[in-house]
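Chain A is fixed; fit chain B with the ligands onto it per the hints.
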Amino acid sequence: MAFLSNPIGKKMLMALTGIVLFLFLVAHLLGNTTVFGGQGWINAYAEHIHSAMFAPPLWAARVVLLACLGLHIALGTLLFLENTKAAPTKGTFVTYKEAGLSSRTMFYTGLLILAYLIYHLLHFTFHSVHASISVSAFPPDAQGRPDLFRSIALSFQRPVIAGTYLLAMAVVCLHTFHGVFSSLQTLGLPGKASLPVLKRAGQVLATLLAAGFALVPVAVLTGWINL
Amino acid sequence: MRFHLKVWRQEGPEAPGRFFDYDVDDIIPEMSLLEMLDKLNEELIKKGTPPITFESDCREGICGTCGMVVNGSAHGPQPKTTTCEIRMRHFQDGEAITIEPFRAAVFPVQKDLIVERAGLDKVIQAGGYTSAYTGTHADANAILVPKDDQEYAMDAAACIGCGACVAACPNSSAMLFVAAKIAHLGTLPQGKPEEASRALSMTEAMQEEGFGACSNHFECQAVCPKGIRVETIARLNRAFLKASLKRLA
Ligand code: HEM
Ligand code: FES
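If you read the protein sequences in the order shown, they are chains A and B. The first sequence begins at 1 in the working numbering and counts up one residue at a time. The second sequence begins at 1001 in the working numbering and counts up one residue at a time.
For the record, the hints were derived by calculation from the structure and aren't laboratory data.
For lysine to any residue, the following SDA-like pairs were computed, each having C-alpha atoms within a straight-line distance of at most 25 Å:
hint, chain 1, residue 1, chain 2, residue 2
1, A, Lys192, B, Ser1244
2, B, Lys1242, B, Asp1148
3, B, Lys1226, A, Thr95
Just chain A, with the same shape it has in the complex (with noise of 0.2 Å):
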């Protein structure tokens, strides 16, 4: 508890939760990239991880992945708070000379993550929204597996659709650009040597993952997958 009241503590379970969350994007993406093999491809990973076999590990990480998420947006509410507090103004005018707009708006591009978080899992976790493109409206494919491709195919080629998702990557992009390196630093890796080659590893990073996820609307709404 005298850890979790200290201003570097605080921010220390900040970044782990942070990095914790990033590996699962990681993870993400990996799975997503099944998509590019086809609808025979993504069918059989998504029916994968939701067997009988895979159940254990799955439900332990979502646990895992709630709780990192629940503290993350927790302390990083309450280091706003704070944050905000402590500096109510800073003058008639700022010369920002270092921070950029990632790191300002850290908090913002949080809040919105969560926005499309929910929105996402309403989407294709619980058939909510856009259900009547959903994978519980479809036949199963031919091997008798639930059509997750048709799902994302139909999904993306609706314009509206593909850009909230679009925007919601660079949202992603925005917040972990700083927030990749930032966790390092503030868990204290970074020598006068390795700070600069760090960060910019972080941003690359960053860039990267965002890309990789706005990569599957974009191949849809080009045409490159399609049904």
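Frame of chain A; chain B with the ligands shown alone:
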């Protein structure tokens, strides 16, 4: 040289402040920004107007008293330079210059450009010292310190506690200040034994005094007149982690 100044004026801690416009003329390029304000003040006094209140002491960049925000930057636009060391030749002739006090909830404005910076002293009192009894003056080379450690400690010890890092930080955090003290004292044999307790007590005091936490914006590094780098903050984070694990054990 001539300049158009916009200076923040505020009668007291509770009084509302606002910018006042002043035109100054016949400024010698070699004058420092403070000397330009001295000249303006003489004219104001002659006119019967109360002079602009600001702090200074050494006027050679080593005491940390003179901080103010000049054109949106703590200590002005010149990198690694205190307000007292900025020369008027660093500005364009005829330029408009905005001068206001350091801004942070922990730095309440006292009058015009003077702010209360006792918060930093409280953080120092919480652990920014070594309590080893050193006896009479020791022989200079009695305790050998590796050259790299000397250099590192010396660079960190360059911190003059001016508070520019707090003023520039979007969170008004004092992390760069604390990190400099931790790096300076913790690198030397006399300060090493108390590093763990120091890392804990100084960061706790920082929060108690009302400074924010570090979001790694790195605005502090950009304005530090002594060139303290944010790697020292990473070092402070390591020291804090070690101390927390030690406390747990
Ligand atoms: C996919 C989800 C997310 C990932 C991968 C992620 C990742 C990160 C990382 C790595 C950091 C850096 C921690 C540090 O500075 O040491 C961070 C900071 C932050 N995150 Fe997130 N985050 C996510 C979602 C959210 C959400 C939903 C919120 C909601 C409020 C949020 C709010 C924040 C805030 C406010 C900070 C800045 C903390 C500070 O400035 O001190 N994040 N995030
Ligand atoms: S007056 Fe001493 S540092 Fe400026």
